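**Q** Keeping their order, the protein sequence lines are chains A and B. The numbering used here applies: residue 1 is where the first sequence begins, and numbers increase by one. The numbering used here applies: residue 1 is where the second sequence begins, and numbers increase by one.
Where hints are given, some of them may not hold.
Simulated pairs of lysine-lysine, DSSO-like, Cα-Cα distance not exceeding 30 angstroms [as the list claims (entries may be wrong)]:
(1) A:LYS335 / B:LYS66
(2) A:LYS335 / B:LYS70
(3) B:LYS214 / B:LYS315
(4) B:LYS304 / A:LYS335
(5) B:LYS304 / B:LYS70
(6) B:LYS356 / B:LYS70
(7) B:LYS356 / B:LYS173
(8) B:LYS66 / B:LYS356
(9) B:LYS66 / B:LYS214
Please keep in mind that the hints were generated in silico from the structure rather than gathered at the bench. Remember, it's a predicted structure, so these values are computed and weren't measured experimentally.
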Amino acid sequence: MSSHLRTVRQWLGDWTLSGGLVLAVIFLALGIVWPLLRMLALSLSPEGLAEFAVVLGRGTFQRIAINTLVMGAAVATLGTGLAFLFAFVQVWVNVPFKRLLHWIALLPIISPPFAVALAVISLFGRSGLITYRLFGLRYDIYGLDGLTLVLSLSFFPAAYIGLLGMMRALNPALDEAAINLGASRWHVFRTVTVPILVPGILGSFLLLFVEAMADLGNPLALGGDFTVLASRIYIAIIGEYDMIAGAVLSVNLLVPTLALFLAQNYIVNRKSYVTVTGKPAGTPRLISSPFARWSLFAAVASVAALIVLIYGTVLVGAFTRLFGIDYSFTLDNFKFVLFGYGSQAMVTTVILAGIAMPIAALIGTLVAYLVTRKQFPGRNALDFASMLGLAVPGTVLGIGYVLAYNQPIEVAGITLLPKLAGGAGLLGGAAVIVLSFAARSMPASVRNGTATLQQIDPVLEEASLNLGADNGTTFRRITLPLIRPAVLSGMIYAFARSMTSLSSIIFLTTPYTKIMVAQIFTEADAGRFGNAFAYCVILIAIVLVAIALLYRVIGSTTGAEREASLGG
Amino acid sequence: MSARITQRITIAITTSALILAACAPATPAAPAGEATAPVAAPTTLTVLCTPQEDWCQAMVQAFEAKTGIKTAYVRMSSGESLARLRASASAPEFSVWFGGPADGYIAANAEGLLEPYVSPNAANVPETYKDAAGSWTGTYVGALGFCSNTDVLGSLGVEMPDSWSDLLDPALKGQVVMAHPATSGTAFTAFWTQVTLDGGDIDEAFTYFADLHKNILQYTKSGSAPGQMVGRGEAAVAVIFSHDCVKFIDEGMTSLALSFPSEGTGYEIGGVGIIKNAPEPEAARMWVDWTLTAEAQEIGATVKSYQLPTLPDAKVSERSVVLSEVNIVDYDFVSAGENRQAVTERFDAEIAPAPKE
Numbered sequence: 001m002s003s004h005l006r007t008v009r010q011w012l013g014d015w016t017l018s019g020g021l022v023l024a025v026i027f028l029a030l031g032i033v034w035p036l037l038r039m040l041a042l043s044l045s046p047e048g049l050a051e052f053a054v055v056l057g058r059g060t061f062q063r064i065a066i067n068t069l070v071m072g073a074a075v076a077t078l079g080t081g082l083a084f085l086f087a088f089v090q091v092w093v094n095v096p097f098k099r100l101l102h103w104i105a106l107l108p109i110i111s112p113p114f115a116v117a118l119a120v121i122s123l124f125g126r127s128g129l130i131t132y133r134l135f136g137l138r139y140d141i142y143g144l145d146g147l148t149l150v151l152s153l154s155f156f157p158a159a160y161i162g163l164l165g166m167m168r169a170l171n172p173a174l175d176e177a178a179i180n181l182g183a184s185r186w187h188v189f190r191t192v193t194v195p196i197l198v199p200g201i202l203g204s205f206l207l208l209f210v211e212a213m214a215d216l217g218n219p220l221a222l223g224g225d226f227t228v229l230a231s232r233i234y235i236a237i238i239g240e241y242d243m244i245a246g247a248v249l250s251v252n253l254l255v256p257t258l259a260l261f262l263a264q265n266y267i268v269n270r271k272s273y274v275t276v277t278g279k280p281a282g283t284p285r286l287i288s289s290p291f292a293r294w295s296l297f298a299a300v301a302s303v304a305a306l307i308v309l310i311y312g313t314v315l316v317g318a319f320t321r322l323f324g325i326d327y328s329f330t331l332d333n334f335k336f337v338l339f340g341y342g343s344q345a346m347v348t349t350v351i352l353a354g355i356a357m358p359i360a361a362l363i364g365t366l367v368a369y370l371v372t373r374k375q376f377p378g379r380n381a382l383d384f385a386s387m388l389g390l391a392v393p394g395t396v397l398g399i400g401y402v403l404a405y406n407q408p409i410e411v412a413g414i415t416l417l418p419k420l421a422g423g424a425g426l427l428g429g430a431a432v433i434v435l436s437f438a439a440r441s442m443p444a445s446v447r448n449g450t451a452t453l454q455q456i457d458p459v460l461e462e463a464s465l466n467l468g469a470d471n472g473t474t475f476r477r478i479t480l481p482l483i484r485p486a487v488l489s490g491m492i493y494a495f496a497r498s499m500t501s502l503s504s505i506i507f508l509t510t511p512y513t514k515i516m517v518a519q520i521f522t523e524a525d526a527g528r529f530g531n532a533f534a535y536c537v538i539l540i541a542i543v544l545v546a547i548a549l550l551y552r553v554i555g556s557t558t559g560a561e562r563e564a565s566l567g568g
Numbered sequence: 001m002s003a004r005i006t007q008r009i010t011i012a013i014t015t016s017a018l019i020l021a022a023c024a025p026a027t028p029a030a031p032a033g034e035a036t037a038p039v040a041a042p043t044t045l046t047v048l049c050t051p052q053e054d055w056c057q058a059m060v061q062a063f064e065a066k067t068g069i070k071t072a073y074v075r076m077s078s079g080e081s082l083a084r085l086r087a088s089a090s091a092p093e094f095s096v097w098f099g100g101p102a103d104g105y106i107a108a109n110a111e112g113l114l115e116p117y118v119s120p121n122a123a124n125v126p127e128t129y130k131d132a133a134g135s136w137t138g139t140y141v142g143a144l145g146f147c148s149n150t151d152v153l154g155s156l157g158v159e160m161p162d163s164w165s166d167l168l169d170p171a172l173k174g175q176v177v178m179a180h181p182a183t184s185g186t187a188f189t190a191f192w193t194q195v196t197l198d199g200g201d202i203d204e205a206f207t208y209f210a211d212l213h214k215n216i217l218q219y220t221k222s223g224s225a226p227g228q229m230v231g232r233g234e235a236a237v238a239v240i241f242s243h244d245c246v247k248f249i250d251e252g253m254t255s256l257a258l259s260f261p262s263e264g265t266g267y268e269i270g271g272v273g274i275i276k277n278a279p280e281p282e283a284a285r286m287w288v289d290w291t292l293t294a295e296a297q298e299i300g301a302t303v304k305s306y307q308l309p310t311l312p313d314a315k316v317s318e319r320s321v322v323l324s325e326v327n328i329v330d331y332d333f334v335s336a337g338e339n340r341q342a343v344t345e346r347f348d349a350e351i352a353p354a355p356k357e
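Looking at chain B on its own, in the form it has when it is part of the complex (with noise of 0.2 angstroms):
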């Protein structure tokens, strides 16, 4: 009985992989048939695309209206992309990558993810935002800042921060809130521009995160999270980017309120690139022309994203905080990306676990 239906198997399975190996031959002829695509005005473009949803959602939009190219998008965090360009390295899934620290951007590009252009609209980019290769280019910049809830500053009794050593106030006991360096680049930009204002030395900033430790309430996955948090009263202070605090306060948040450190704030540059093997990459080169446009530049204000435009000539919106009017650090975005990976392991393992007494 068993060895007949052990027969039967071996029959079905030998079937199976016979109509499996049938169907194989058609395969191949796909790709073929993309090959000869590029030649034919591109139709299609897929977009790996980490601001917020709303932001990719009306640059694509935009972008099909104008050029009439089917687009596509996926949102994922900057690391979440790194993992998948990396994953899909050999036949990529995606043509070009919109948004995001420039940090995951020269990551990327050290791994050989990345195909330079120098896209003609990059010249009017000035030179500290863009990678003079083309890796990448900025688009985007935005300030980190201090997002506090006034109500809970009041019955706190305290002032508006308006230094780094200012959140180190004691009254400020598990009031503030911000991102783990390892899970957000936000949190990262944070951790840099102290060792950016200590001269450089990590061992200095490590000791004003122990500090800081005792007023953290929590260290969020997500680099934005700390804001909603404040701004639903459940901690005084989150150490954010400028543009999400007011992002926040636009969507009702109306507690929250916006100040700077004294001493110096980082900043960050949303990037775009192009994937390196891209299925689409004429799409994806006319992508990146069209984001090194003011026209482009400026759809981030209208749905309520206040990141500044790199371009000198795109408008800025009157919600915006502009970057001169704040004082930015002098901010070394390839040694951040370099010792990334040391500094959030040292925090994960130092800061992070360490009681709050």
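If we strip away everything but chain A, and leave its shape as in the complex, we get (with noise of 0.2 angstroms):
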């Protein structure tokens, strides 16, 4: 009797395993798989490779690429540079304000496209408050310059929080060995420890490098006639209504990124050069001499400070008439993003990323826990999708959901899918955009879950599913409350990424699903920067509110303490 009910009680658990695997599948085939086969598809038709033939044989594209590749490879080293350093002094240098640099550091983490670019264009550009009113320049900042100074600044906190944990994880043994046997300070950190670091260093650039060529907002503000990939797209499905041009165009930017991010995958996840042990070796030896100290101070606090002017711009901005003509003050803006014809867009972006954001935190973490506990065949292609939301350009992935959702899905006259994208579609095109926002998301969180999983030993799986538990108890009592942080980032990162995505919504918004980000753009263009810095302001406040609201919800008690306490 009791042998029966285990049985149905473990059939029951494989159930849930199986339809928590469904789900998953079921999710990541809508949300990205069937949208970048349907792009695939529509630029290896005949048509499509035709396309192909005249775009490569441009001149013009010839000049995109090149641009595109200088961009990415000048970002990814700025960028690489500024995280290295930022990592660094955190690691090794004794410096005052060290934790107010960490989180000015981590300031353009939550901040939206444009709000970097349009301060520098007001501080740094031909009429700019420093180079044109202090300095009588006339400088130009549009173009490759100003791109790479303002997506080195946006894109290199990822990288700085990914060289922090590497340095902070290095066995302080190795350099204390290196200095014993009489080598100087800068000769170590030549021959030891840097050489430790390049797996990482490598990782950062390459991530950078992936992140610049798919970014689509920076070089629409600040690009001025420096084309890239990206903005390219753009303009072949908003200037020429060229859809078949612009798969064709996508396919150039998706291979060379996914290559990168594949690269980038392998050499973070070789983990080899990761001396962790579990057994702290003593602390980092602090750098001791006071010009090294103070020299690297002076640049980062020099860094820093242009972050906080940057982001101090957008904030007086926002109060500011007519930035770099009138300076009065004024709380029109606001007016404006608040209850004028500029609220609408932001109830409809929070709702619709606060939506995506538990889809996106719990699908993500039920992929790493299958992943990472579970054998089953696919197991690697599962894997490798779940990452496909991260490694693929937003604007690429947008044309895949305008391609594959713009009509209902029909298999022998039976509508499995109704419309989706489009103000005809699927609750005026909104489920589109949610599904958009979660799949972009996800992968945070299956990356968050993995790496958390990878920590806590299965034997306590285990024995809950001796003990008679099936999965499903195991995975809500055992695992969840175990994993509880990792769903609480994923949730955070999920909203913030959501709430800040242009690329892969811009060809999804309609009538009753207007955007933040889209919205400013169109005022940004419309040179009314007040209302462009007010919506960058309301936005940034309400991800802080949010990650804020989410930590007291979830963060305070952790499942695993209450958990604890409860039994014993």
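Fit chain to chain and form the complex, with the hints in mind.
**A** So, in structure tokens, the structure goes:
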């Protein structure tokens, strides 16, 4: 009798498992794989292949391809340099305001596109407050130089977090040994520390390369005549009404970004360089030379000052009538965003990002659990597909969505899926935007979940299973409470990324679904920088409030603690 | 183990497919319901709107107040609009398209995306501002002009430009901004104006823009962006529509001043047209009729959009530039539309990438 019950329970347990797997597969198929396949199918169709020949033959394409690579390399170099500098100072140099510097370095993570670009135009442009008003320089910020600065500042925080973790994990005993053998600090740094960090540096270089190539907002706002692939795709769709050219150009952007992303993934996941033993082997020896200390501090502090200046400009600009012309104080910009017709976009975006947030975090965690803990056919394929949302440039995915969901999906006369995209689509086109938000932010949850699960010994779960709990119960009662912090950070990331993503939804907005970032673009383009800045300030505030709320709701008492205290 | 899981997955997939299949019959019922809708008075309308956001908003509100029809709109550039209409041709999401240059409508009509409708009110619109067959009707017009920053011009010691050749002054090196003809109807209008002035010789026009290129700071992506760049003092002269320049001045860019080329300038006609297979055909016709009333055409000026009404009896804002006061070229919209693709591609290949020395 009891063994019979147990079989039933086991079956139910596996059913939740396979149910979860089906859910994840359906989500990835709809959110990533099908749109990508539609995009590839169009570009490999006879018309697409003909377009390939035309596009690749044009001199302008070669120029654009070179521009894209040069910009990617420049951003990757400068961004990695900044990330390394900030991380190095955090770990090895004793400087004042360390915590403050850390938070300033993280600031760009939650900022919407355009915020930094518009502030940089206002400060350092041809009529910039600093370049022109202060120094009388007519500096042309549009183009490669401006883009490199803005993209490096926007994307280096992610690389900084990675390098910081890596440096903190280094075993100081290695340095100590070298120093004890008579090597100078500088010599040790060159011959011991840097070689160990090379994979990490290379990883962040490639990550920034991919991010820079995939970005759309900044090249639109600050590119000027410097056209890159992402902005060229946008022009092909928006300016030339040419879906086929858009798809063909997308393939040309997709292939290098995907290759770089995979290379980056491979390097970072090899892990052979990490000297984590689990046991601390002493604290790192701080740099003592006053010259080195203060020159490093000066470098970091001036970059931090630049970041503060830029965000200060965003904040001040939001209260300014017409930055650059009329500096009088006004609340009109906020009136427009909060109560004028700008408010519709604000409300819609928060709702849609809010819906996407738990979907991304839960499915992401589920995928992480399945991939790290379970064996099943197609596990690697699932792992790979779950990363695509991060690796595929938003513009490319956006085109895929338009192609895949502008008509209902029918098989043999039966409608499997109604039309999703556009104003006549399901829920006024909102469903497809939520899908896009969730697909783009889920990979972070997978990564967080995987990293956390790898640190938790599976014996805990095995014990639960041996005691008769099924897979569902074990996941709910044992695994989930333990990985709650990972779920929380996944949710925060999902919300912040959804609120600030432009490239993937710019082709999907409808009369009923106005998205804040797209509205910022409209306002900036019309020269109403005040409204654009106010949108940016409100957007940053919303994300910060959401983070605080999530911490209160989920973060304060982790499930693990509660379960442990209840258990005894 | 894994075989068992595979089996479970198969079961689960089959189940979900069955669930989806079971849901399917519900969908065909919806269009049937829609089909009966036009019998009753129209209740909703979805507008594809190309002018500036606040104008779209004001139009939609006024129309709702007048007719009680719940009206939604989405604002899109003219190019984007055409792409969306094309993408959803089999099941259009919009019923009527309002605003944006006539060449967009001509292109859409050539692809069969528009439903001809000759509104009774179109009789009052001059011949040059409409398609006789009713695929589109002009609701506003506006002339191209030079929008200059007087402060910047003063510091350069250059007079306000009042001819196309004034823009070639070497003192204006890196001081002229216009949009890229491939992405902006405004810039394409500027290009075709040159072609018209050169008696239809496209090569001559290219020679002019190759010369002008030396003075160009940047080819922006959107048509009106040069105005705000010049307004903020980043350059001296923008080639944009005159009504956009007046709007920037009204929004506080007080150093801007407007002038026109003496040789002649081009203009745009903003159209309105019904989309083929429109889901709300009755409401769409009501919208077209309404936009061809003086009352509707006077709304633009209330939100600082100073394009001219096409109806002779509509009141003209004192801020508007009256076409009769400007030297207007004989602009051939059909020929412009036919040559657009070839011209923009050539511009992108020959002019834009050339060094500016």
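**Q** Now tell me if each hint is right for this structure.
**A** Verification of the supplied hints:
1. Annotation: proposed proximity of LYS335 of chain A to LYS66 of chain B holds, straight-line Cα distance about 27 angstroms (limit 30 angstroms).
2. Between LYS335 of chain A and LYS70 of chain B the CA atoms are separated by roughly 25 angstroms; this keeps the pair inside 30 angstroms, and the hint holds.
3. Distance check on the hinted pair: LYS214 of chain B and LYS315 of chain B sit about 42 angstroms apart at the alpha-carbon level, beyond 30 angstroms; violated.
4. A hinted pair counts as satisfied when its Cα atoms are at most 30 angstroms apart, and LYS304 of chain B with LYS335 of chain A qualifies at roughly 19 angstroms.
5. For the hint pairing LYS304 of chain B with LYS70 of chain B, the CA-to-CA distance comes to about 25 angstroms; that is within 30 angstroms, so the pair holds.
6. As the CA atoms of LYS356 of chain B and LYS70 of chain B are separated by approximately 52 angstroms, the hinted pair breaks the 30 angstroms bound.
7. Of the pairs offered as hints, the one joining LYS356 of chain B and LYS173 of chain B holds, with about 9 angstroms between alpha carbons and a cut-off of 30 angstroms not exceeded.
8. Annotation: proposed proximity of LYS66 of chain B to LYS356 of chain B is violated, straight-line Cα distance about 54 angstroms (limit 30 angstroms).
9. Annotation: proposed proximity of LYS66 of chain B to LYS214 of chain B is violated, straight-line Cα distance about 52 angstroms (limit 30 angstroms).
In summary, the structure is inconsistent with hints 3, 6, 8 and 9 from the numbered list given earlier, while agreeing with the others.
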